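Knowing the structure of chain A, use the given hints to seat chain B on it.
Chain by chain, the residues run as shown.
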Amino acid sequence: MNFDKLISGFFIIFAMTLNFGFFYGDIATLEQHSKYELFAAIVINIIATTLKIGDKTQIGSVLLATSLVADIQLIAAATIWTIAYYTNALDVHSTAVIISLSGGALMANVTSVILYIGETLKSKR
Amino acid sequence: MNNNSLWLLLQKMRRPFIVIVVTYTIAIIGLISIGGISANGEPYHMTIFDAFYFITYTATTIGFGETPFEFTYPQRIWVSMSIYVTVIGWFYGIGSLISILQDKLLIQEIAKTRFEGQVKKINESFFIILGYNNVTKKIIGKVLSKGFRVVVIEKNRDRINELILENYSPHVPALEADIYDPNALELAGIKSKYCKGLVSLFEDDNLNLKIALTAKILNKTTTLAIKSTTDNHSENLKDIGVEIIENPFEIISQQIHMLLNAPTLYQLEKWIYRIGDLHSSSFTLPRGLYVICGYGRMGRGLHKILNQNNIEAEFIEIDNKLGEPLNVEGIKKVLTKNADDKDVLIDANIEEAVAIIAGTNDDTTNLSILATAKKISPHIVTIARENEMENLSLFEYANIHYIFMPSRLLIHKTINALIHPLSDRFIHLISAKNEMWARDLANELREIGANPSLFEMTIDEKHAYAITQRMKKGEKMYLDTLIRSRSNPKEKNSIKVLLLQREGKPYLLPQAVIDLKEGDQILFACSEDAVDDIEYIAQNIYELDYILKEQS
Numbered sequence: 000m001n002f003d004k005l006i007s008g009f010f011i012i013f014a015m016t017l018n019f020g021f022f023y024g025d026i027a028t029l030e031q032h033s034k035y036e037l038f039a040a041i042v043i044n045i046i047a048t049t050l051k052i053g054d055k056t057q058i059g060s061v062l063l064a065t066s067l068v069a070d071i072q073l074i075a076a077a078t079i080w081t082i083a084y085y086t087n088a089l090d091v092h093s094t095a096v097i098i099s100l101s102g103g104a105l106m107a108n109v110t111s112v113i114l115y116i117g118e119t120l121k122s123k124r
Numbered sequence: 000m001n002n003n004s005l006w007l008l009l010q011k012m013r014r015p016f017i018v019i020v021v022t023y024t025i026a027i028i029g030l031i032s033i034g035g036i037s038a039n040g041e042p043y044h045m046t047i048f049d050a051f052y053f054i055t056y057t058a059t060t061i062g063f064g065e066t067p068f069e070f071t072y073p074q075r076i077w078v079s080m081s082i083y084v085t086v087i088g089w090f091y092g093i094g095s096l097i098s099i100l101q102d103k104l105l106i107q108e109i110a111k112t113r114f115e116g117q118v119k120k121i122n123e124s125f126f127i128i129l130g131y132n133n134v135t136k137k138i139i140g141k142v143l144s145k146g147f148r149v150v151v152i153e154k155n156r157d158r159i160n161e162l163i164l165e166n167y168s169p170h171v172p173a174l175e176a177d178i179y180d181p182n183a184l185e186l187a188g189i190k191s192k193y194c195k196g197l198v199s200l201f202e203d204d205n206l207n208l209k210i211a212l213t214a215k216i217l218n219k220t221t222t223l224a225i226k227s228t229t230d231n232h233s234e235n236l237k238d239i240g241v242e243i244i245e246n247p248f249e250i251i252s253q254q255i256h257m258l259l260n261a262p263t264l265y266q267l268e269k270w271i272y273r274i275g276d277l278h279s280s281s282f283t284l285p286r287g288l289y290v291i292c293g294y295g296r297m298g299r300g301l302h303k304i305l306n307q308n309n310i311e312a313e314f315i316e317i318d319n320k321l322g323e324p325l326n327v328e329g330i331k332k333v334l335t336k337n338a339d340d341k342d343v344l345i346d347a348n349i350e351e352a353v354a355i356i357a358g359t360n361d362d363t364t365n366l367s368i369l370a371t372a373k374k375i376s377p378h379i380v381t382i383a384r385e386n387e388m389e390n391l392s393l394f395e396y397a398n399i400h401y402i403f404m405p406s407r408l409l410i411h412k413t414i415n416a417l418i419h420p421l422s423d424r425f426i427h428l429i430s431a432k433n434e435m436w437a438r439d440l441a442n443e444l445r446e447i448g449a450n451p452s453l454f455e456m457t458i459d460e461k462h463a464y465a466i467t468q469r470m471k472k473g474e475k476m477y478l479d480t481l482i483r484s485r486s487n488p489k490e491k492n493s494i495k496v497l498l499l500q501r502e503g504k505p506y507l508l509p510q511a512v513i514d515l516k517e518g519d520q521i522l523f524a525c526s527e528d529a530v531d532d533i534e535y536i537a538q539n540i541y542e543l544d545y546i547l548k549e550q551s
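Just so you know, the protein sequences line up as chains A and B, in that order. For the first sequence, position 57 (counting from the first letter as 1) is numbered 56 according to numbering that gives the first Met the number 0, and the numbering increases by one without interruption. For the second sequence, position 49 (counting from the first letter as 1) is numbered 48 according to numbering that gives the first Met the number 0, and the numbering increases by one without interruption.
The set of hints was computed from the structure by calculation and includes no laboratory data. Quantities reported herein were computed from a predicted structural model and do not represent experimental measurements. Glycine included, each C-beta is placed from N, C-alpha and C at the ideal position. Hints should not be assumed to be uniformly reliable.
Stated by the list, open to error - DEER-style ranges, computed between Cβ atoms:
#, chain 1, residue 1, chain 2, residue 2, range
1, A, T119, B, L9, 22 to 30 Å
2, B, L9, A, F2, 14 to 22 Å
3, A, S122, B, M80, 36 to 44 Å
4, A, F2, B, E69, 40 to 48 Å
5, B, L9, A, S122, 21 to 29 Å
Okay, chain A solo, but in the shape it has when bound (with noise of 0.2 Å):
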C-alpha cells in the first residue's frame, strides 16, 4: 500500500462527493444547499489540489489541472453567493448561478476521479 496514494486518492474522491451532496438538489432554491458544505468543499478541493503540484508525470498534470478548474470554479460561487448575500440581491437568478457554478466544478472532479481510477487500473502493483 502506498500511503502517498492513498492520500491522495481520498481528497480527490473526497473532494467529489462533498460537490455532489452541495450540487444535489433543486437549482433555484438555496435551501436546498449548505452554505457548510460549499465551504468544505472549496477547502478539500484546495487540498486536493496541493497534492497535485509537482507531479512531474503526464496524467498527474492533467489531475492538478482538473483540480484547479474546480477551486476557480468552487471560489467563484463562494465569491457570487457572499457579495449576493452582502448586497441584499440573493435571487432566483443568482441562486441559479451559484448552483451551476458548483456543477461544473463537480464535472471536474468528475473527470479527475475518473483519471484517478484510470491510473490505478493501468498500474500492475
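Chain B in isolation, oriented as in the chain A frame:
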C-alpha cells in the same frame, strides 16, 4: 523545464500549502460554530465570509480588531487558541515558500530559462564564447563592435557578475554552467542557424579538445576556434574537423622565423592584426648564438624554428622534467638550472650570444632574466614572453626589443579568423613568401598610407547590388571598376587588392583585369575614403553607370 530538481522543489511546496489550508479551516469552523451576540444583543452566528475575513487578517498578524461585533468570551477563547495555530501555520508556510523561492537551484533554473529565451530571441549572427577572462573580454568587445552578437558560458559566478557590470551593448547573455556540458552548449544556441562560431581558448588543452568534440557532434557546420598548445592536440583537433586551431607558441615561432628571414612579412602581419603600422622600416633579427630561457611549449617551438634556420642555441630550463627530452635527442644540452641567475647565464655563453629569449611562463622571471642579461652584455637583442595581460605593462618600460604575448596573439588571431576570414587566409598565404615580395607589397601599401584600412567584400546581392544587377543581364564586370576613384573615374583610387577568393580558391594580389563572379570575396587594402567609394560603386546603380561610362 525538464529538470527533476525543479519538480522536487514544487513538491516541497505541498506541505506549507496544506498546513495553511488546514489551520485556516479549523479556525474558521470554530468561529462559525461558536455563537456570538450582535450589537442589538441578539444571538448570531458568524457567516463563513466573516470568519474567513477575520482569520485572514489575524493569521497574518495584521489584526483589524473584532468584527463584525464585539466577541463573546467563548469566541475569544477560541480566537486566542486559533491565533497560535494559524499564525504559526502561516509563518511556517510562508517561511518555507520563501525559502523555496530563494533556493539556489530554483534561481539557477530561472536564470537558465531566461538565458534560453534571450538566446532564442537573437536573430542575427552570433558567436558563443566560452569562459570570461581578460582575453575573451577583448574579443567580445571587438566582436560586438563589428555588429555581431555574443553569448557567453562561464562557470564562475563572480566572472559573470563582472560581465554584467561591463554593461555590453547589445546585451550579452551569460549562462553559469559547466563549460563542457552539452546541454549548456545547446542552451547557448550552438544548433541555431545564426550561430557563426564557437571560441574556446582555455589553458587546458584537454578541455578544449573535449569542447571541440562536443560542439562538432552537436553542430557540424559551426566554425570552431580552439586553442591548442601542443602539436599532438593540434593533430587531434584537425582530425575532428576544427576550422581554426590557434597555437600561440606556433605563431610566436613563426613570427621569430619571419623576423629572421623576412621582417617585412612580420610587419605586414602585425599590420593585418591591427597592432602595428607600415611606417617604420623593420629590422632583421641577428644570426648567431641564441640563449633561450625556458624549454616548455614555447621553447620547443623555438628550438624547431632555430634548427630550421641553422642557428645555434643554448637552452636553460629550471624544471628537470622539461629539460630531459632534449638531452635524450642529444642535440644540445639543456642547462637544468634557474635562468634567473647571473652565473647560469654566463654558463650559457651569454657573453657571446647575439640574442636572448626569456620564454618562461613567469613574467617576473622573464623581466629579471633580461635585466641580468643586459647587464652582462649590453648590446644583446632581448626578446620576452609576456604572460599576464594587464592594463599597465612593465615590459613596455623595460626597453625590450621584441615582446611576444601569447594571450594578445590569441585575441588577434581569433578576431581575424572569425570576423575577417579573408585577412586570416591572406596571412596564411603570405607566410610562405620571401622578404623581396613582402618589401614590394609594403612599399605599394605605403603609398596608400602608413596604416591602410582592410576591407572585405562579397560580391552578392546584399553587398554589391549594382554589380550583381549588371551581371544578371549578362554583362561582364571587372575588378578594375571597383578600384576607380569616384571623383575621377579615369584614375585609380588608392586601393590595393590583396586577395580574391572564388569558390574557396584564393587568388593572391589579383590583376585588375580579372572579371568578377557572383560569390567572389575580395580583400582590399585602402584608405578610409576609398572604402566608401568601393561600397558606392558596388551598391549604387547610378554610381556604377557613371564609373563605367567615364573610366576608359
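Checked hints:
no., hint, in the structure
1, A:T119 / B:L9: 22 to 30 Å, "23 Å, holds"
2, B:L9 / A:F2: 14 to 22 Å, "20 Å, holds"
3, A:S122 / B:M80: 36 to 44 Å, "43 Å, holds"
4, A:F2 / B:E69: 40 to 48 Å, "45 Å, holds"
5, B:L9 / A:S122: 21 to 29 Å, "23 Å, holds"
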